[in-house]
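Below are the chains, spelled out letter by letter.
2 protein chains.
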Amino acid sequence: MTDPTIAPSPSKPRPTKDRLIFAAANLFSERGYHGVGLAEILSQAQAPKGSLYHHFPNGKPDLALASATWASDQMLLLIAASFEPADSFTEGATTLCHKLAKLFDYTGKWSGCPVSSTLFEGPDNAPFQRHAAHLFEGWISEVKYHGQRLGFTEEDAATTAQSFYMLLQGGWQLARVRRDSDVIRALPALLKLGDTC
Amino acid sequence: MTDPTIAPSPSKPRPTKDRLIFAAANLFSERGYHGVGLAEILSQAQAPKGSLYHHFPNGKPDLALASATWASDQMLLLIAASFEPADSFTEGATTLCHKLAKLFDYTGKWSGCPVSSTLFEGPDNAPFQRHAAHLFEGWISEVKYHGQRLGFTEEDAATTAQSFYMLLQGGWQLARVRRDSDVIRALPALLKLGDTC
Numbered sequence: 001m002t003d004p005t006i007a008p009s010p011s012k013p014r015p016t017k018d019r020l021i022f023a024a025a026n027l028f029s030e031r032g033y034h035g036v037g038l039a040e041i042l043s044q045a046q047a048p049k050g051s052l053y054h055h056f057p058n059g060k061p062d063l064a065l066a067s068a069t070w071a072s073d074q075m076l077l078l079i080a081a082s083f084e085p086a087d088s089f090t091e092g093a094t095t096l097c098h099k100l101a102k103l104f105d106y107t108g109k110w111s112g113c114p115v116s117s118t119l120f121e122g123p124d125n126a127p128f129q130r131h132a133a134h135l136f137e138g139w140i141s142e143v144k145y146h147g148q149r150l151g152f153t154e155e156d157a158a159t160t161a162q163s164f165y166m167l168l169q170g171g172w173q174l175a176r177v178r179r180d181s182d183v184i185r186a187l188p189a190l191l192k193l194g195d196t197c
Numbered sequence: 001m002t003d004p005t006i007a008p009s010p011s012k013p014r015p016t017k018d019r020l021i022f023a024a025a026n027l028f029s030e031r032g033y034h035g036v037g038l039a040e041i042l043s044q045a046q047a048p049k050g051s052l053y054h055h056f057p058n059g060k061p062d063l064a065l066a067s068a069t070w071a072s073d074q075m076l077l078l079i080a081a082s083f084e085p086a087d088s089f090t091e092g093a094t095t096l097c098h099k100l101a102k103l104f105d106y107t108g109k110w111s112g113c114p115v116s117s118t119l120f121e122g123p124d125n126a127p128f129q130r131h132a133a134h135l136f137e138g139w140i141s142e143v144k145y146h147g148q149r150l151g152f153t154e155e156d157a158a159t160t161a162q163s164f165y166m167l168l169q170g171g172w173q174l175a176r177v178r179r180d181s182d183v184i185r186a187l188p189a190l191l192k193l194g195d196t197c
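For the record, the sequence lines run as chains A and B.
The end of the first sequence is residue 197 by the working numbering, with every number in the run present.
The end of the second sequence is residue 197 by the working numbering, with every number in the run present.
FYI, nobody ran anything at the bench for these hints, they're computed from the structure.
Accuracy of the hints is not assured; some may be wrong.
Copies of the same chain look alike in the list, so a pair counts if it fits in one copy or across any two.
What the hints assert, rightly or not - Below, a list of computed lysine-lysine pairs in the DSS-like style, where the Cα atoms sit at most 27 Å apart: (1) Lys17 x Lys192; (2) Lys49 x Lys192; (3) Lys49 x Lys60; (4) Lys17 x Lys60.
Small disclaimer: the values here were computed from a predicted structure and weren't measured.
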């Protein structure tokens, strides 16, 4: 795993707070918010319980919000690394899908979207829903920005960015059940591009 | 809620086994497999604990597989009710998206896909993953069948059915974070249709 935009190296020494966030993001992605206990997170992060409440006074919910933000920032890095060098939207989308397919294979072919698997814990948790909305809209806005930069009208860029986001989420899920990252590599060809795209 | 393909009426008297499956499907959709306890399912189903192990000898995992199957069968009913009377794929897809948007509003704007939220409980549960794959491939095959019936080549029907599945899954998720079922109603316009479509 040499691509810094794919995933941080777990072997690299990192501060306790970062280790807690990284462990939580990985565990929540695998089994969801309710499927992971604090003891397991502390154990994987090799962190004492006191450090959890020092960095995250409200405990598990705070840690979930922070780990979703961290994971979302990784996605924004992937989007930037894929679209900034691209000469066309399709080229950027293709690079992003190949990076995500590599990440999918790296994470073991079953982990979910690190934001939705962490924050979609039920209809009653408004802060989680608002945070997920904020993070996902950030991904869509970043892709829309590159669409406009690459010549789309604002309307085409907005529609294409939202469509690409939905194909990525649905495609990641289909890749999970098929255990086949090629589902993700095939997504750019499914994008319906507007006249200016 | 008068459309029988939208959701069964919780008020209609039903056998214990059906009540257990219906309660489990609803609760798992809201909070995922790990977020729901057996006591809560039994309480919502108004069923005694003995009845659970009578109908589902292995308990919670058996109930999860059965509730995912039940929910998937509801989706197959929706697909049939939407595409069978349709004169074009786009007409069928539009009807299905409107039915799903209605269901989304009915379920409270936060419930997840009843199959993925029930069965995506972690990377180690192969029976859950295989069952989810089986159910999702069933949805895709059903839509592909209608695509061919409505004039697509087999290849275009397969590509369009898979693309539509991914847009529906990703669109349902975006509708959840935005709490806006119009995201689902807008999906058919995002489908890239092949030459024969």
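Structure-based check of each hint:
no. : hint           : in the structure
1   : Lys17 x Lys192 : neither (42 Å within a copy, 44 Å between copies)
2   : Lys49 x Lys192 : neither (49 Å within a copy, 51 Å between copies)
3   : Lys49 x Lys60  : within (12 Å within a copy, 31 Å between copies)
4   : Lys17 x Lys60  : within (13 Å within a copy, 35 Å between copies)
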